[in-house]
Amino acid sequence: MKADRDGDLTMGLPVKGRAGVGKGTGPPTGPRKDGASKPTRGGILGATAQREILRHASGTRDVAMKEERVSGAKGGLVELKVSGWNKSKASGDADGGVSSLIKWLEKKASSRLGSRVRMVKIKKSQVEGTDLIVKVAPDDALGLLRMNGFGWAGTNVSVQRLGGPVQASSGASSEAEKTKGMLRGVLERRYDLDTKFLNLSGLAQDEELKNQHIFDSKSTASKFFPAMMRVLELSFDNPEERNAAVTSVSLANNDLTDLAAVTTLSQTLPKLQNLDLSNNKFGKLEHLHSWRRRFTHLQHLILTGNPLEQNEPNYQKDIISWFPNLRQLNGIQARTEEDIAKKTRTVDLPFPIRSAHFKDESGIAEQFVRTFFAGFDADRAALASHYYDNLSEFSYAVNTQALRDPNGTERSEPGEWEGYLKNSRNLKRIQQLPARQSRKFRGTKAVADAMAMLPITKHPDLASEARKWMVEAKMVPGVPDHTGASPDGVDGFLITVHGEFSELDTTTGQPKKRRSFDRVFVLGPGGVAGVRIVSDMLTLRGYGGAQAFEPETVDAWTEPAPTTTLAPEPAAPGLPAGLQIAEAEQMVAQLMQQTGMTLSYAKDCLDQVGWNFVGAVEAFGRVRSNLPADAFVAPAA
Amino acid sequence: MATPLTETEYTKIATDTAERFIDSYYSALSGARGSIKTFYVPTITQDNGRGLPNITYNGELFLDAASFQDRWEKEMPRTHVEVQSVNVHVLNPTTKPTEGVKRKDAERSMSLIVQVSGSMRIGQPKEGPLRGFSDSFVLVPNAELGKQDHGRQWLIQSQTFRFVV
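So the sequences go chain by chain: A and F. The opening residue of the first sequence carries number 1 in the UniProt record's numbering; numbering runs sequentially from there. The opening residue of the second sequence carries number 1 in the UniProt record's numbering; numbering runs sequentially from there.
Just chain A, same shape as in the assembly (with noise of 0.2 Å):
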């Protein structure tokens, strides 16, 4: 198809096996010496609406249109003549086959491939003769003179230079400029610019290239390819253009054995998407070793026709390990679109992502976290006098260039920061002694008014939106004693937690911005809760999202030490049959909202009445007086 639109009619070898990455079209390759093929047609759209399309093209750049208006007012056309090209297999249409001809120079010599597309335009067009002069502007010269040799049609026309000024660039070039203009034909001629698509199949069959007798040896040989790339990279100013112009490329047919002469392609795309690297001779995985997490971005891959296939059965299963982002392979879907966007955040790391590691004891640790973050939205002061006493500690940093959430839900704006910066306590931004100083609060008073200044928030429930907290803990020793009794200090509990809050607005009381929060905390024993703060530090940052929070695998993993989850946890005997530990889950929840009791009093409660919930309503109305204070979440005021 692209042949036909092109009128190129030198179509290389088609791609064998099954579905290219490409279109399944070979590769032009190059200027033919033999006469030999097929004739060419008029292509689906009609000359003149193809020459619209391409001066539409070229008008929409702007780039373009200040080159030719400098060089117009250098002055002068160049005369090129053309030949060769009326014995050819258009010669039968109307006008000799002149206005394919020159519908195909424009497009041949045309540079698509770089930051600076350059759509060549045929200002003046006459036959003499047998020759065809045509007038173009002298930075377009160039091109067309590179076509010198170039098959059309089952001829090979001749372009030579007749008059005009001559540009100054055209002069002396030296061998390196020679080189480099050939790969940049070469690049240009197997690029497609529509699908994006770079076509380095067969290059060994390149006519070109065998004319510059580039595999002939083996040190041009392994030249070659990088030297191509280097090209490529200077056709572009920027890797991210680079990287949007080509997203496929094909090496298919190029006898490869390893990576070693194609390893720079990794470099100069790093961003491709669609590879195909079929009917060439890997023969074991360890040959595509070294593009393992490379191209992250690599959705389609096809390795068909490679001794590979019969050495290595399973193969596959490795190779969608080292792209993550791999949809298919060989055609065959290796990822849904589900899966990838499941694990859009997780690379397949040495550190999976597990569920939280959570040490508990006697639910100490669990009771802690529940009752923190609903009194850090409630009451803070009250929550100052129920965990902080003179010698706690607290102080929080700002992260303003944490990464944020990959799905982008939540904007940064310019002095977002403001509240908190006051007494950001970042020690990398914040150098001064005095204010590392000050901006570390001790005792109950200091950090209740600390946490005044803070905006209002609003955590999201533990128990409905679990998903969005991730809360670890461990026992750590060495905790300072209060009472003394223990020099060397005592067993605390340190607790790790990341998750989320929104800012709430302060007459509307409505959720504004959120944002992403991690806080450590070590708890001694003592104090009115039975555990005090001895130190508490807040990272805030901007809102990352929950999905790191994911674990990979939900199955079992070994594991040194027993573990709990933040979920209540009902004993087995005291649940009712039939009763899902889900439902007995929301109803805890649903009862600790209602009453405002603890987890362990709503979920005593609702095992006394066994797990009828307007029965632990009415339980909770009938005792109430008689309960302690610990028995309620927010703290007793």
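One or more of the hints may lead you astray.
Claimed, not checked - Covered stretches of chain F, going by a simulated chain A footprint (3 or more residues, C-beta under 8 Å): (1) 51 to 65; (2) 85 to 95; (3) 104 to 118.
Because the hints were derived from the structure by calculation, they are not lab data. Note that the structure is a prediction, hence the values are computed from the model and not measured. Ideal Cβ placement from N, Cα and C applies to all residues, glycine included.
For chain A, the structure is supplied; the task is to place chain F on it using the hints.
Coordinates of chain F only, in the frame set by chain A:
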């Protein structure tokens, strides 16, 4: 609590230590993985999962630094860490009896708790996946530090790491 140090001195020691420690620790993760285990206290085996050091990494528990280092050396692709936020508190100002303690000893008789927020690039520079992380450490003085001050001044007793973005 009799101690020869002022509040400001505590803050200075804690913040200086934290900054120095963070610099060398994350450099080692990326560039000197063979030295990772030297950042942790020697292994103490205890029942009930309470041995030390306690390294919790994305929810996985390591109870000795050697196996943690091994994972980094053998399996972790190239990483680049950008620390964006650091904070530190003195966890316990007097891990040893302080009566009649000399000033120099007092400086090394405390434990610290450090909180870090940053990003980690995994694999290819500029191209590899970028993750946000939160890391926290309990640091204790190196009890086996020789007279010539060979070895690290502070060691990790407990660590909790998570990718959070």
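Comparing the hints with the structure gives:
1. 51 to 65: That given contact holds, which follows from 9 residues of the segment 51 to 65 of chain F lying within Cβ reach (below 8 Å) of chain A.
2. 85 to 95: Coverage by chain A holds for the segment 85 to 95 of chain F (11 residues, Cβ < 8 Å).
3. 104 to 118: holds (count 5)
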